[in-house]
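Chain residues, written in single-letter form:
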Amino acid sequence: MTRVPLPPPTAERRQTVCQFCIVGCGYRVYKWPVGKDGGPAPGENALGIDFRQAQPPLGTWIAPSMHNVITERDGRRYNVAIIPDDECVVNRGLSSVRGGGLAQTLYAPDRPTKARLGAPLVSDGQKLRAMPWDAATDLSARVVKAVIDRWGPDAVGMKFFDHGGGGGGFENNWAIGRFFFSGVGTKNASIHNRPAYNSEVHAAGDAGVGALTNAYADAELADTILIVGANPYETQTNYYLAHMVPNLNGDSLSLKRQTFGAEPVDRGRMIIVDPRRTMSVATAEAAGGADRVLHLQIEPGADIALLNAIARVILDRRWHDIAFIERHTERQTFEAYQRSTLAIDRPIESVVSEAAQIAKIPEAQIYQAAEWIAAPKTKGYRRRSLIHYEKGLIWGLKNYENVASIVDLGLLTGNVGRPGTGISRLGGHQEGYVRPAYPGGRPALNVDEAVRRGEIKVYWVGGCNPVLTTLRAEAMEAAFLERGKPVHAALAATEGKPVGARVAAVVEALKQGGMMLLVQDIYLTATARHAHVVLPAAQWGETDLTSINGERRLRLYEKFMDPPGEALPDWRIIANVARRLRQLYLDDLNPKMANRFLDYDWRTNEDVFIHARYSFKGDNKDPMEGYAGVTYKLLRELGNNGIQTPTRLVNGVPVGTVRLHEDGRFGTPSGKARFIPAPLPWPGYASKVAKQRERYRFWVNNGRNNHVWQTLYHHQLVPFFQDRFPRPYLEMHPQDAAPLGIESGDLVELSNDMGKVEAMAYISDSVKPGHTFMLFGQPRGAVGDLVSDHVDPATTIPYYKGVWADIRRLRADPKLKETVSFLPQNIAE
Amino acid sequence: MTEKEKSSNRGCVGCPSYGSFPVARRDFLAIGGAGLVSLAAARGSRIAPAEAAESQPAFPVTDIAPLADIAAGAEMNFYYPDADSPAVLLRLPSAAQQGIGPDGTIVAFSLLCTHKGCPVNYRADRTILICPCHWSTFDPSKKGSVVIGQASEPLPQIRLRVMEGVVQAFGVDGLIYGRHTNIL
Ligand code: SF4
Ligand code: FES
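Residue numbers (my numbering), protein chains in the order written: chain A, 1 to 829; chain B, 1 to 184.
No lab work stands behind these hints: they were computed from the structure. None of these values were measured; they are calculated from a predicted model. Positions of the beta carbon are idealized from the N, C-alpha and C atoms, including for glycine. Among the hints, erroneous ones may be present.
What the hints assert, rightly or not - Selected chain B positions facing chain A (in silico; Cβ < 10 Å):
no., residue
1, Val61
2, Met76
3, Phe78
4, Asp82
5, Asp84
6, Lys142
7, Val147
8, Ala151
9, Arg161
10, Tyr177
11, Leu184
To be verified - Okay, derived cross-link-like pairs now, SDA-like style, lysine to any residue, Cα gap no bigger than 20 Å in a straight line:
no., chain 1, residue 1, chain 2, residue 2
12, A, Lys817, B, Thr181
13, A, Lys817, A, Pro734
14, A, Lys815, B, Gly99
15, A, Lys36, A, Pro56
16, A, Lys36, B, Thr181
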């Protein structure tokens with residue numbers, strides 16, 4: 001019979017925040033020795049709950065998925081329970097499907113997570129073999145030094161996470177950024193799945209508007225919430241459930257009245273711009289009624305045209321915020337914006353009908369959206385609209401102009417810096433961006449191309465999996481294979497020889513076009529399998545880390561268990577290599593280079609945190625993540641509610657910032673926001689994309705979903721998740737599937753000029769005919785293989801969503817049909 | 001790359017290995033750290049349910065209805081394993097995993113959502129169970145698997161059998177919401 005053990009009153013308690021999405025829900029960790037369980041009476045367990053009776057709905061419960069048994073380095077076994085924190089203002093006791101399974105992702109030697117990396121590995125030409133840390137550090141440092149000395153810093157390529165949550169956070173990001181930017185000094189840097197080191201929202205930055213401007217409470221206060229290119233039920237779950245839904249269903253009305261006094265308030269409305277009818281649309285309608293939800297089911301790439309047409313209607317109706325524009329924006333940018341982006345020389349009807357045609361939506365919906373966003377409320381009060389956007393827009397047709405179009409719409413309507421408003425990313429992962437400035441310019445260098453052209457001699461990849469997630473991924477993997485070969489051979493030929501001889505052989509291989517691949521990660525990923533040296537890292541819960549969520553809430557994610565084997569926190573791995581490099585340069589009598597690797601003698605995680613706090617300066621001296629005065633001690637005291645960055649010191653005490661720009665100041669030299677004009681209301685498709693679109697029949701929209709996180713690095717090891725989606729699914733409309741003989745559970749092949757990939761068909765009317773949707777970044781079928789190498793020339797951001805391919809049925813998979821549910825994923829009532 | 005490599009399972013644990021250098025198991029074992037085990041060793045393992053070592057009281061056997069009374073499309077509420085645990089018996093339009101009856105279409109589930117315990121509703125035209133609180137949905141033909149939603153456990157399936165023409169409940173797969181053990 002299934003049961004979960006209860007923590008005894010003596011159980012150790014730790015605060016933490018979910019490692020997964022941007023929302024950053026608070027969790028409580030209980031840890032107690034195996035065999036020392038608590039009892040069901042309230043005094044017998046750490047929760048103080050009477051488990052002799054069943055808990056009422058919405059009570060506290062330890063689901064089996066929230067418990068695990070771990071083994072520490074000394075061999076002692078403990079129960080760990082990780083349950084959502086009722087007192088955290090972010091999630092208010094809610095878990096999501098991902099957070100509810102946090103305990104399942106912990107390293108355990110008797111569970112599938114035993115696949116974690118626990119020792120440094122080096123290639124012997126055939127296999128990866130264990131190697132002591134000192135030797136791995138020395139070899140890595142010597143190769144990096146040899147490459148800098150012979151080819152210059154730009155021949156050292158890096159691809160690392162810069163996120164919060166997971167194994168990221170301020171500490172690791174600071175160490176890694178400092179090493180590569182101030183130490184090595186390379187411009188060939190890149191992050192996550194991107195080919196370059198760039199902001200995804202340069203346009204917002206140029207406008208002087210922060211990336212994460214609002215507080216989650218603003219979603220409870222807004223009159224209208226606009227969501228562009230995001231699916232918050234699935235991928236910003238508890239922000240949506242705990243803050244947006246109460247606005248739609250009226251639960252937040254009393255808070256609105258209390259906050260706004262005489263101002264008229266009502267239940268909120270929601271506008272969702274998404275080519276799919278997602279669970280977010282279905283649940284918003286269930287919560288608020290279909291008449292309060294407007295779903296604009298657009299065509300790919302139509303966002304800019306749509307948003308600019310909405311803005312044009314608002315301008316023509318004179319619903320724009322004239323007072324805000326005059327006081328807080330640079331006048332000439334507003335004029336340019338009206339002329340070019342909004343095409344005021346053209347009749348409004350022609351702009352709106354053109355946008356409606358591009359987006360294939362009724363014109364009336366454009367007028368309606370404009371009204372919901374900006375028509376004044378009764379008694380002349382301005383409508384408060386909260387404007388949110390994410391990857392549908394960011395990874396869209398033209399990154400810079402896409403983001404500009406929504407930021408401009410927000411500025412036009414004055415929806416920033418007031419309760420109930422905001423112009424903000426919804427976010428994917430959490431944040432914790434503290435780094436010295438990237439030494440390159442804008443647009444940033446395209447590292448993928450530098451790898452393929454042979455300019456990168458050593459490529460250090462940490463916590464990223466380009467083989468699955470970069471654009472034109474097949475070609476990237478081919479380069480890893482091809483350019484990796486001579487280095488594997490050099491390492492094989494010099495096995496057991498002194499390190500000097502090994503490095504000399506590697507350098508010879510690099511001269512012949514080889515590339516050394518260093519991979520720092522927690523699992524042997526698809527990319528790590530090509531590595532020459534693998535460096536095992538600690539993950540969430542195995543070391544103290546700090547991060548912020550989507551409303552800049554900074555918290556301490558406490559360590560509650562040991563990393564496996566000899567794995568180390570990323571910052572420590574980097575610091576060890578930096579210290580070794582310093583010594584090697586000192587031995588070389590090169591103090592100039594040696595000094596670039598000075599001050600890596602951090603003893604604790606907090607040492608790194610404090611070092612970053614004093615050294616980090618963002619664009620405006622008051623960067624989004626600035627955290628003056630914050631210590632681990634303070635964060636422990638503040639618990640899972642933390643403090644919202646940026647902080648400033650008032651009488652020596654750190655004070656947080658609920659929402660950005662409330663003081664009316666923006667991140668430009670003038671302190672005023674800038675409209676970012678675009679040359680035309682809609683730029684059209686780039687030629688490479690247009691060609692693919694003409695040649696192939698289906699649009700392959702792609703992204704995340706509710707159940708699984710990123711590349712499944714954890715979730716493929718947890719049966720609950722793996723059994724739900726044993727393969728990436730491809731949503732196809734029944735009208736498209738039937739003529740091709742495709743049924744749910746069939747395996748299909750997608751192919752185009754970039755590559756081929758397999759998926760599991762999931763027939764659904766969530767997509768329009770001609771559209772499909774595939775889960776991205778999956779180990780058993782990576783959409784990256786189909787993504788063209790086109791990037792926005794202004795920002796080096798790819799058009800990941802712009803994939804077209806042909807689809808054919810391969811075969812039925814009876815096992816999938818029998819065990820996997822293919823019921824619709826967008827039914828809420 | 002060969003055609004075979006292209007379509008193989010990159011980075012998928014438990015899938016055929018891929019890439020240039022599979023890890024050798026003995027190398028991991030040689031360094032002796034706890035849990036340093038190769039991918040090959042992880043293949044096929046599954047998490048066992050959190051079983052308690054001590055012995056448990058047995059599930060009761062409860063009559064639900066005569067098999068002959070369970071018509072097509074039937075939906076019957078009952079309580080199991082005790083009066084605080086609402087459950088539902090369904091006769092689905094087609095065979096279900098662990099379904100009983102002549103055509104394997106009869107199944108039963110706890111009604112308490114495994115997210116936060118709200119009672120779920122059955123929508124017959126879509127054969128789906130929907131939680132009104134945060135919209136977790138469950139597939140009764142696939143062992144209560146979470147179609148989409150925030151529940152991190154399947155809906156507990158009630159074990160059914162037919163004894164002398166009567167459908168009986170005699171056990172539960174999974175833990176019922178709000179309990180640390182199914183039999184309190
Ligand atoms: S909503 Fe995001 S942060 Fe919260 S529990 Fe789910 S995955 Fe974790
Ligand atoms: S209680 Fe059922 S989805 Fe939350």
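Worksheet item: Under the criterion of a CB-CB separation shorter than 10 Å, is B/Met76 in contact with chain A as hinted?
Response: Where the cut-off is 10 Å and the nearest Cβ of chain A is about 21 Å from B/Met76, the hint is violated.
Worksheet item: When you check the alpha-carbon spacing of A/Lys817 and A/Pro734, does it fall within 20 Å?
Response: holds (17 Å)
Discussion item. A closest beta-carbon separation below 10 Å is what the hint needs, so does B/Phe78 meet it against chain A?
Written reply: Because about 16 Å separates B/Phe78 from the closest Cβ in chain A, which is outside the 10 Å limit, the hint is violated.
Discussion item. Check the hint pairing A/Lys36 with A/Pro56 against an upper bound of 20 Å on the C-alpha distance.
Written reply: violated (27 Å)
Worksheet item: Do the alpha carbons of A/Lys36 and B/Thr181 lie within 20 Å of each other, as the hint requires?
Response: Judged against 20 Å, a Cα distance of about 17 Å means the pair holds.
Item to complete: Using 10 Å as the Cβ threshold, decide whether B/Ala151 counts as touching chain A.
Response: holds (7 Å)
Fill in: When the least beta-carbon distance from B/Leu184 to chain A is tested against 10 Å, hint result
holds (6 Å)
Worksheet item: Hey, does the B/Asp84 contact hint survive, CB to chain A under 10 Å?
Response: holds (5 Å)
Worksheet item: Can we keep the B/Val147 interface hint, with Cβ of chain A closer than 10 Å?
Response: holds (5 Å)
Worksheet item: Against chain A, is B/Lys142 within 10 Å by beta-carbon distance?
Response: holds (4 Å)
Item to complete: Using 10 Å as the Cβ threshold, decide whether B/Asp82 counts as touching chain A.
Response: Status holds, d = 8 Å.
Discussion item. Under 10 Å is the threshold here; is the Cβ of B/Val61 close enough to any Cβ of chain A for the hint to stand?
Written reply: At about 15 Å, which exceeds the 10 Å cut-off, the nearest Cβ of chain A leaves the hint on B/Val61 violated.
Hint violations for this structure: numbers 1, 2, 3, 9, 12 and 15, all remaining hints satisfied.
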